[in-house]
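Undergrad: Here are the chains, one letter per residue:
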Amino acid sequence: MIKDITLGQFFPGDSLLHRADPRMKIITALIYIVFVFVAKATLAYLFVILFTLFLVFISRLRFRIILKALKPVIFIMVFTAFFNIFWTRGEGEPLFSYGIIRIYKEGIWFAVMMVLRVACVLAGSCVLLTYTTSPIALTDGLERLLAPLKKIHLPVHEFSMMMTIALRFIPTLVEETDKIMSAQKARGADFSSGGIIKRAKALLPVLIPLFASSFRRASELATAMECRCYRGDKGRTRMTTLRYSMTDLALLLLLLFFGAGVILINIFLPHILSFGI
Amino acid sequence: MKALELIDIVYTYSKNTPFEKTALDKVSVSFEAGRINGLIGHTGSGKSTLVQMMNGLLRPDSGEVLLFGKSIWEEPKKIRDVRFKVGLVFQYPEYQLFEETCEKDIAFGPKNMGLDAQEIDRRVKSAAQFVGLDESLLVKSPFELSGGQKRRVALAGIMAMEPEVLILDEPAAGLDPIGREEIFGGIRSYQRSRNNTVIIVSHSMEDVAAYCDNITVLSEGKLFMSGSCAEVFEHESELTEMGLGVPQITRFIRMLRDAGVELRRDIYTVEDAVSAIKEYAGRR
Numbered sequence: 001m002i003k004d005i006t007l008g009q010f011f012p013g014d015s016l017l018h019r020a021d022p023r024m025k026i027i028t029a030l031i032y033i034v035f036v037f038v039a040k041a042t043l044a045y046l047f048v049i050l051f052t053l054f055l056v057f058i059s060r061l062r063f064r065i066i067l068k069a070l071k072p073v074i075f076i077m078v079f080t081a082f083f084n085i086f087w088t089r090g091e092g093e094p095l096f097s098y099g100i101i102r103i104y105k106e107g108i109w110f111a112v113m114m115v116l117r118v119a120c121v122l123a124g125s126c127v128l129l130t131y132t133t134s135p136i137a138l139t140d141g142l143e144r145l146l147a148p149l150k151k152i153h154l155p156v157h158e159f160s161m162m163m164t165i166a167l168r169f170i171p172t173l174v175e176e177t178d179k180i181m182s183a184q185k186a187r188g189a190d191f192s193s194g195g196i197i198k199r200a201k202a203l204l205p206v207l208i209p210l211f212a213s214s215f216r217r218a219s220e221l222a223t224a225m226e227c228r229c230y231r232g233d234k235g236r237t238r239m240t241t242l243r244y245s246m247t248d249l250a251l252l253l254l255l256l257f258f259g260a261g262v263i264l265i266n267i268f269l270p271h272i273l274s275f276g277i
Numbered sequence: 001m002k003a004l005e006l007i008d009i010v011y012t013y014s015k016n017t018p019f020e021k022t023a024l025d026k027v028s029v030s031f032e033a034g035r036i037n038g039l040i041g042h043t044g045s046g047k048s049t050l051v052q053m054m055n056g057l058l059r060p061d062s063g064e065v066l067l068f069g070k071s072i073w074e075e076p077k078k079i080r081d082v083r084f085k086v087g088l089v090f091q092y093p094e095y096q097l098f099e100e101t102c103e104k105d106i107a108f109g110p111k112n113m114g115l116d117a118q119e120i121d122r123r124v125k126s127a128a129q130f131v132g133l134d135e136s137l138l139v140k141s142p143f144e145l146s147g148g149q150k151r152r153v154a155l156a157g158i159m160a161m162e163p164e165v166l167i168l169d170e171p172a173a174g175l176d177p178i179g180r181e182e183i184f185g186g187i188r189s190y191q192r193s194r195n196n197t198v199i200i201v202s203h204s205m206e207d208v209a210a211y212c213d214n215i216t217v218l219s220e221g222k223l224f225m226s227g228s229c230a231e232v233f234e235h236e237s238e239l240t241e242m243g244l245g246v247p248q249i250t251r252f253i254r255m256l257r258d259a260g261v262e263l264r265r266d267i268y269t270v271e272d273a274v275s276a277i278k279e280y281a282g283r284r
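Chains as they are written, first to last, in our numbering: chain F, 1 to 277; chain H, 1 to 284.
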């Protein structure tokens, strides 16, 4: 069912990660992603995986939920793995060869590494950001972080308001899609059989009502915002102001430790467990 | 005979997530064939979930759904045929309209059934008649119509499939009193002419009392009671406690009886009340 998509969904909780300031979480998520890609040595990879599992652990989210987040990108992972396996030319004898197909151990190695890397980046950023931060806090944090750009007349506030609204309406639209699909199924619509063209055509009875209701919602929302005197950024104050706390310092130190760990392993222990590659 | 029987239905939303919620907890209900059955309950009582079980849009975690004594999940691949036999009109069905003309939209269901053009045309015309849609409106785009008219088009779209069981989830929600009466009147005349089974989901006791033969009351995912109007409205205090109550006019008659006016107990509509009071006045 459509509702099963969990990428970018907030799971309320009370862990260290849930309590941290969204600005700090955005910063640490960036640090995290950078260092996942910096990792080169095998041991560094292991360290990345362990650290990611540690993040999952302190987020107190169920492991199943994280696996579910990976489901939509399985195709991308398989695709990268496929190219790495078949296109990498290594030194020495291929492990397997048939016609033009040659598979080297380096290829398999890179494929495994790439898949793990994609999985870690996704799981880590979900845990640090989207799963533990409410969408509102997230865009609020982003707006604060980008606030200096207002000086050069970038519409940061408007941008973040647009994002807040878009995020706010994702679940609504998903629910609406579900409802319309059920309604059309009740009239005998068939979304799951036939070729790709037939299936695309079968979606028309869902898309048209969905568009119609999106426009209706947008205009209702605009009216409601005007009724509450929304006039953009100027003179707008906030109900809650963000403040950094010790939690945020701890989180920052944790991620700096992670970064330092990756670099140190890359430099000092590059060959452990590398199977001669 | 029972048209639909649901036995020990259990259903949980968002299983294995923090949002897990049991919508139905061992609910067993049945609906008499050839009658108008009312299904009543509060927001969140599980009515809408229950009706989606009846045409196989949702599959219960456990329990059985029997249509005329036969399990609808016997052959999961043929569940579409069940949906043609059990027509379900969702809440606010006007938001599902999509075709260029009302006529085409009403024909969507029958077309999916694989009927020939002549039969489709006949069904569209007759369904439009039941819901009181003027034939001049059939060639218009559904997006040009008023809310009430759109509702009728959507209703006709299900009626045109000529299902053996017709389920309507809050068919009159958001309509004015005249619109309500017209919609319910149309449903009643449709049921009388075809003598099939109708299930009306509502939270208005007045509507259910006026149009239904039997009533089933759901409360917090469980069956609360089920029976004829008279049987169910006997339990006025319990229903009031649940926040559903009995029809205003029934309460009014009860108050009159408490004050010593000798009237029948089983009065659920204003028309009945008027004639009973007139008769009482004549007696004195």
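Please note that a few of the clues may not be correct.
DSS-like, lysine-lysine: derived pairs with alpha carbons at most 30 Å apart [to be verified]:
#1 H:K77 <-> F:K68
#2 H:K140 <-> F:K68
#3 H:K125 <-> H:K140
#4 H:K15 <-> F:K179
None of these hints come from the bench; they were simulated from the model.
Owing to the predicted nature of the structure, the values given are computational and were not obtained by experimental measurement.
Undergrad: Please go over all the hints and tell whether each is borne out by the structure.
TA: Right, here's what the structure says about each hint:
no., hint, in the structure
1, H:K77 <-> F:K68, "27 Å, holds"
2, H:K140 <-> F:K68, "46 Å, violated"
3, H:K125 <-> H:K140, "14 Å, holds"
4, H:K15 <-> F:K179, "19 Å, holds"
In summary, the structure is inconsistent with hint 2 from the numbered list given earlier, while agreeing with all the others.
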